[in-house]
Amino acid sequence: MSLDVNDLAVYYRTLRGDVRALDGVSFSLADGEIMGLAGESGSGKSTLGKSLIRMDARMRHVAGTVRLDGAELPVADDARMVPFRFHQVSLVPQYAMSALNPTRRIGRMVRELVRSRGVDYAGVHPELLRRLELVGLDEQVLRRYPIELSGGMKQRVVMVVSTLLNPSLLIADEVTSALDVSTQRAVAEALAGFRDRGFVKSMVFVTHDLALVHQIADTIMVMYAGRPAEKASSRTIIEAPRHPYTRMLISSLPEVGVTFAGKRLQGIPGRPPGLLDPPPGCRFRDRCPLAFDKCAEQPPFAEVAPGHWAACWKAE
Amino acid sequence: MLDLRQVTKTYRVGAFGGERLHAVRGVDLAVAPGEVVSLIGESGSGKSTIGKMVLRLIAPSAGAITFEGRDVAAVRGHRATKEYYRRVQGVFQDPFSCFNPVFTADRVFGLIRAEYHRSASAAAWRARVEEALATVRLDPAQVMGKYPHQLSGGQLQRLLIARALLLDIRMLVADEIISMLDASTRIDVLNLLGDLKARGLGILFITHDLSLGNYISDTAVILRRGRVVEKGPTGEVFAAPAHPYTRRLLSSVPQLHTTWEQADAALRAGGERACPGCARGGQPGAHGPVELAPGHHVGCFTAQD
Ligand SMILES: Nc1ncnc2c1ncn2[C@@H]1O[C@H](COP(=O)(O)OP(=O)(O)OP(=O)(O)O)[C@@H](O)[C@H]1O
Ligand SMILES: Nc1ncnc2c1ncn2[C@@H]1O[C@H](COP(=O)(O)OP(=O)(O)O)[C@@H](O)[C@H]1O
Ligand code: SF4
Ligand SMILES: [Mg+2]
Ligand SMILES: [Mg+2]
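Read top to bottom, the protein sequences are chains P and D. Throughout, my numbering is defined as the position within the first sequence, counted from one, plus 10. Throughout, my numbering is defined as the position within the second sequence, counted from one, plus 35.
Hints were generated in silico from the structure; no laboratory data involved. Check before you lean on any hint, since a few could be wrong.
Claimed, not checked - Label-pair ranges, simulated between beta-carbon atoms:
id : chain 1 : residue 1 : chain 2 : residue 2 : range
1  : P       : GLU249    : D       : GLU118    : 51 to 59 angstroms
2  : D       : ASP230    : P       : PHE302    : 29 to 37 angstroms
3  : P       : ARG245    : D       : ALA108    : 33 to 41 angstroms
4  : P       : GLN150    : D       : GLU103    : 40 to 48 angstroms
5  : D       : PRO175    : P       : ASP66     : 21 to 29 angstroms
6  : P       : GLU249    : D       : PRO175    : 36 to 44 angstroms
7  : D       : ARG121    : P       : GLU122    : 53 to 61 angstroms
8  : P       : GLN150    : D       : ALA304    : 30 to 38 angstroms
9  : P       : GLN150    : D       : ALA321    : 24 to 32 angstroms
10 : P       : GLU122    : D       : SER156    : 52 to 60 angstroms
11 : D       : GLY305    : P       : GLY203    : 53 to 61 angstroms
12 : P       : GLU249    : D       : ARG161    : 42 to 50 angstroms
Every residue gets a Cβ at the ideal spot worked out from N, C-alpha and C, and that includes glycine.
Given the sequences, and given the hints that come with them, work out the whole structure.
Here is the structure:
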């Protein structure tokens, strides 16, 4: 196993109390696995990504452990995480592109970033150029300002830089969401290529787009209100999901050819529970058409078939 | 209601602004009341530039934009501008950049009240805000009092739509508004746009996601490097795309039950086609759009930069 997350709980401190953004998350990634991480907005995907690399000041590690390549990842200890970041675990954050400093040339930013991680820039420069070329960018981009690059170009620069030191784990948070379909495809295939070439060992690809992620991911994990609902091979999640939430999610996807005027698709009625004081039991209970008495008790995230986990009393 | 005639935007770029970048070139496009026009294209094709020109955030270099018969460039002064924005609103791609990071959600709504709804009573205003939040499926308790960084990307984007709904808008420019939403919320927001359209709202729906454009829009406009390459009734453009660029774009759409390799194979099997404009004796690269069927226009296949 390259990554092993065990019962991880991370809360956000707020004036009104703790927001339980991650509340008992367990899963693992095999060597070479690309896992798509999907789920409703606010379900904790970005929080999970951040927890594996850097918690911000408001985040608090409440429980659980993370192991990377057999060794403990000290997620709760900011100082002890320093040597892991960028070297072992790298994150391409949501909106990374818009976070680029507009007044700096790309090359200078890359240089500063690499140096800030204690790495000799000259030593990695040739590899940087080689990898930029691999994703279809020439050396010229380093002389440009962020505004002069398209979203897809910026995204590819960020991806190349984050994986320059061959981290074991890459977390890519919504890296394709703001891109057009052809660029999405190029970026997604480039990421899969990074794995194939061994630039990263395993990857968590956070997205809302199941149609996109199943093109490159080996497995998909669907989160709901701070907990994993289901994890299985991409094919199984798309073709034979067992969790009622996953099923409703898949059926709400517009496919090419379906129109509002022709067939009005249904979303999932209701809303996920607030995470300040979530109700006990299955968190999908309010919205679940299959809910029954037992759902007042929290279902375990259990292996319902080989390589297929689901947190639902009806999924066995 | 909204009309763009030969709209062009050229930027000066490069050292000393010596080079020209043609972000938008000679775009003709119209949105009628109750019509959803989707503007589809790769990044950098000029979609957002068009949206920003409609919202008067930048001025066209050439051409004219009219809204309800009036030249948008002539809207000047505080009152006229305010009136324009009461009717025409935009919701953008990157929600974090549109929100002032030091304003809470309540404050953002408060500003709208101060600017446009001074006479509304506190209770009536609260009811309106709650209705707008309910429409976008946000729980007031979960968002009110929070700063942008305390909300997830999707929550923030829905907040922006709710904000636009608080004005009596007639035209909405929605620039990639659902890219950050999860699937089930996406459908809700799309259905919401469909309902707004039924109420007579005109919508310029900017997207890179063709399946979303297909679901909601009446007219599809395919943009490539600032030029319209194909335009027509959505069903027709999707079922019988004529321009090679449109066909390639359609094959990149990720689909649940088709892999990209399968889509590529289907595209190759379709073979190459000749440009209908050039076939009719037009000057390659210079002839205008050709009408293939009523309302379905296609630009020259060979047009380069
Ligand atoms: N700094 C913060 N303080 C308080 N609550 C927060 C903070 N950041 C996030 N949250 C809350 O934690 C929950 C999980 O947020 P997170 O950003 O992980 O969601 P997400 O699944 O990535 O959503 P999206 O798909 O919209 O990006 C949400 O309820 C959110 O409102
Ligand atoms: N302020 C600017 N200065 C220079 N070039 C710009 C500016 N804004 C946009 N561009 C360029 O104009 C083109 C169209 O951009 P945009 O309208 O944002 O595309 P889209 O929304 O279709 O992705 C791109 O090449 C972009 O880099
Ligand atoms: S545990 Fe019960 S409420 Fe939860 S998803 Fe399964 S059936 Fe529905
Ligand atoms: Mg997120
Ligand atoms: Mg844009």
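Which of the listed hints are not met by the structure? 3, 7, 11
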